[in-house]
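S.K.: Letter by letter, the chains look like this.
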Amino acid sequence: MIIGLYTVLSHGNLVKKLIGLNLFQASVFLLYISFGKVVGGTAPIIEKGFEVYSNPLPHVLILTAIVVGVATTALGLALAVRIFNAYGTLEEDEAIAAEESDGAAAS
Amino acid sequence: MATFELINIALLGILVATAIVITRMRALYGAVMLAALFSLVSASMFVLLDAVDVAFTEAAVGAGISTVLFLTTLAITRSREAQTPRRRVLPASLGALFTGGMLLYASQDLPGFGTADSPVQEHPITHTYLEESQHEIGVPNTVTSVLASYRGFDTLGELAVIFTAGVAVLLILTYLPRQSEEAERAALLLTDYPVLRVVSTILMPFILVFAFYVQFHGDYGPGGGFQAGVIVAAGFVLYGLVFGLDSGRRVMPRRVLLALVPLGLLLYAGVGVVNMLLGGSFLEYGTLNLHHPEEGQHIGILLIELGVGVTVAAVLTVVFFAFAGRRVPR
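If you're matching them up, the sequences are chains A and B in order.
According to my numbering, the first sequence is numbered sequentially starting from 585.
According to my numbering, the second sequence is numbered sequentially starting from 39.
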């Protein structure tokens, strides 16, 4: 999780940032799911013969979060493609530099 | 239970190692493939932690669709990362270490792993979900009943988020210039590889049948609309990758896909409105069958899971086609 956060903060490359964000998010998912686990329990599908089940609520939350996560990742990638198209780079610094020199040329 | 914990710790170790390598890697293709490995390993951890539904989704999304999306992005942009400047390393590590320290400090208060008397397990809602859902809703898979019935509002909202993200991707990418048809065809045609062609032709019907099984069997086993939608989308992505976008579009015309994107969401919300017309509250499925509320619950869950499946599959397929259809001149 910390590694993911570090990647988001330190890397200038937008695609790398998104990968880092995905790592970050995956570790949060793991944390949530581990809360629901009961040692000796089984998957929360009710069946005769089992008494202990893991908690279904974290599963529901994370299940939807994963799909929402991929949708937002797609949005981020679309923005990255758009930025690449406009500035010819995926690096944050270079894009900002290009933006500023553009502004200076215009004014 | 020592073996169980050992396996978990080993998998966690693999995850941490993968993550470290990913951050250090400058070849982005490699980093994306490692990220796919990361999510596959975390999917197996989800199975160990009894979250079969989640593992399902993570495997299909993380190892399948998001990897393909990253790869197509790299194909139309650039695949090497610049050296991280020194001046960024220090503040970023300080920030990360600080947050990590805070989290470690906070984790002292967490209940032990897998204990049955933690606040999460003792909260009365857990009992409701596990015990009472059997006669209130009558669906063996409690994940499905919580997702579709008890927390139906949340799920509707999440579906709306997916819908919005899909629409936004389309709006952003539609303005990009497209390369000529021939170049596009040449760039994205793997039909020359007989193995790929034969294998994907054989696999395609199985993927779709499996998706439908997952869709309609979600009440009884692991599965449901989200998973089925992701699997259908993965099937179409495979088809589009191997046979080229044109054949993909012939199988699934853009118009139909675009119509399906809001259709699922409307179906979901429509069920809620019908419930209100029948005299219940929004998304109170029991009203669908006045004499047997449980039967009504079944119909309601089936319908809204169908809505979820349709929108998720359509959004992800449309997004893939939108990415793969662009060729940015270098």
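Please keep in mind that the hints were generated in silico from the structure rather than gathered at the bench.
Hints may be right or wrong, so weigh each one.
Some but not every residue of chain B turned toward chain A, in silico, with C-beta under 8 angstroms [to be verified]: (1) ALA73; (2) MET83; (3) SER104; (4) THR111; (5) THR115; (6) ILE210; (7) PHE254.
Per the computed footprint, the stretches of chain A lying under chain B, defined by three or more beta-carbons under 8 angstroms from a beta-carbon of chain B, are [as the list claims (entries may be wrong)]: (8) 610–619; (9) 650–659; (10) 662–668.
As the structure is a prediction and not an experimental result, all values here were calculated from the model.
Yeah, the Cβ is synthetic: ideal placement off N, Cα and C, and Gly gets one too.
S.K.: State for each hint whether it applies.
M.R.: Cross-check of the supplied hints:
1. At its closest, the beta carbon of ALA73 of chain B sits 5 angstroms from a beta carbon of chain A; the interface hint therefore holds under the 8 angstroms criterion.
2. A least Cβ separation of about 6 angstroms between MET83 of chain B and chain A falls short of the 8 angstroms threshold, and the interface hint therefore holds.
3. Restraint check, SER104 of chain B versus chain A: the minimum CB separation of about 5 angstroms is within 8 angstroms; hint holds.
4. Evaluation of the THR111 of chain B hint against chain A yields a held restraint, the C-beta minimum of about 5 angstroms falling below 8 angstroms.
5. The closest approach between the C-beta of THR115 of chain B and any C-beta of chain A is roughly 4 angstroms, which is under the 8 angstroms cut-off, so the hint is satisfied.
6. Hint status for ILE210 of chain B: holds, given a least beta-carbon distance of 4 angstroms to chain A, under 8 angstroms.
7. Annotation: interface hint on PHE254 of chain B violated; nearest CB of chain A at approximately 16 angstroms, more than 8 angstroms.
8. Three residues within the 8 angstroms Cβ limit are the bar, and the stretch 610–619 of chain A against chain B gives 7, so the coverage statement holds.
9. For a cut-off of 8 angstroms, the count of residues in the stretch 650–659 of chain A with a CB near a CB of chain B stands at 10, and the three-residue condition holds.
10. Evaluation of the coverage hint for the stretch 662–668 of chain A: fulfilled, as 6 residues show C-beta separations to chain B shorter than 8 angstroms, against a requirement of three.
Consistency note: the structure conflicts with earlier hint 7 alone.
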